[in-house]
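**Q** Here is how the chains run, residue by residue.
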Amino acid sequence: EPEVTQTPSHQVTQMGQEVILRCVPISNHLYFYWYRQILGQKVEFLVSFYNNEISEKSEIFDDQFSVERPDGSNFTLKIRSTKLEDSAMYFCASSVSGFGAFFGQGTRLTVV
Amino acid sequence: DQQVKQNSPSLSVQEGRISILNCDYTNSMFDYFLWYKKYPAEGPTFLISISSIKDKNEDGRFTVFLNKSAKHLSLHIVPSQPGDSAVYFCAASYLSNTGNQFYFGTGTSLTVIP
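Residue numbers (the numbering used here), protein chains in the order written: chain A, 1 to 112; chain B, 1 to 114.
Accuracy of the hints is not assured; some may be wrong.
[Unchecked claim] For lysine-lysine, the following DSBU-like pairs were computed, each having C-alpha atoms within a straight-line distance of at most 35 Å:
(1) B:Lys54 - A:Lys83
(2) A:Lys42 - B:Lys68
(3) B:Lys5 - A:Lys78
(4) B:Lys71 - B:Lys56
(5) B:Lys68 - A:Lys83
(6) A:Lys42 - B:Lys71
(7) A:Lys57 - B:Lys5
(8) B:Lys56 - A:Lys83
(9) B:Lys5 - A:Lys83
(10) A:Lys57 - B:Lys54
(11) B:Lys5 - B:Lys68
(12) B:Lys54 - A:Lys42
(13) A:Lys57 - B:Lys71
(14) A:Lys57 - A:Lys42
(15) B:Lys37 - A:Lys42
The hints are simulated quantities; they were obtained by calculation from the structure and are not laboratory data.
Source: prediction; values computed, not measured.
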């Protein structure tokens, strides 16, 4: 069964460092998303991506964040200068139609 | 701004009985609703969805009911099984041709007691 895969499963980084979280969406999907969940809190929308550009982003997705689909299969989230409060589970999701989405297993980001 | 609310953080149900998980929303523009199930350290798994033109959608043991006038939806699991124990998130979105943003509730942790 097709699935969204995310790597790494756990990333530990020092505050101020750049991190890149990687995702391989399901191959025929057209809509891509990043969400995050801070421990004990709700799942929060970060950004959606369609037709090679950002279609929507939340107030969380500030200038420190960027997304890319560099080669038609990977979908990456970059955090330029990590802060302690960026520590969370980051989920990538993809959708064929924009309705409903399939989520990856998540990357646990720990900023120390 | 909590547009989707799940007011019960936890629910315990005996195996074989019905589990009812509730969700309320505030934005009348939402027209598509989903339920996700999540185990610890895993991503949300899609369970069932409903569009605003329907008031009920059924898939096996899972049924979602939508009451648009009350801005309320619920997920019924019948019969409940121990493997259903997980956190359940409802999510809502509205039609957009650039991909819908999903607004998630805070989740309800369901425990099915054998």
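**Q** Each hint: holds or not?
**A** Hints, one by one, checked against the model:
1. B:Lys54 - A:Lys83: violated, 44 Å
2. A:Lys42 - B:Lys68: With a Cα-Cα distance of about 23 Å, the restraint between Lys42 of chain A and Lys68 of chain B holds, given a limit of 35 Å.
3. B:Lys5 - A:Lys78: Given that 35 Å is the threshold and the Cα spacing comes to 30 Å, the pair holds.
4. B:Lys71 - B:Lys56: holds, 14 Å
5. B:Lys68 - A:Lys83: Not satisfied, since the Cα-Cα distance of roughly 41 Å exceeds 35 Å.
6. A:Lys42 - B:Lys71: holds, 20 Å
7. A:Lys57 - B:Lys5: holds, 21 Å
8. B:Lys56 - A:Lys83: violated, 44 Å
9. B:Lys5 - A:Lys83: With Cα atoms ~28 Å apart, Lys5 of chain B and Lys83 of chain A stay inside 35 Å; holds.
10. A:Lys57 - B:Lys54: holds, 29 Å
11. B:Lys5 - B:Lys68: holds, 15 Å
12. B:Lys54 - A:Lys42: holds, 27 Å
13. A:Lys57 - B:Lys71: holds, 25 Å
14. A:Lys57 - A:Lys42: holds, 17 Å
15. B:Lys37 - A:Lys42: Status holds; Cα separation ~13 Å.
When each numbered hint is compared with the structure, violations occur for hints 1, 5 and 8.
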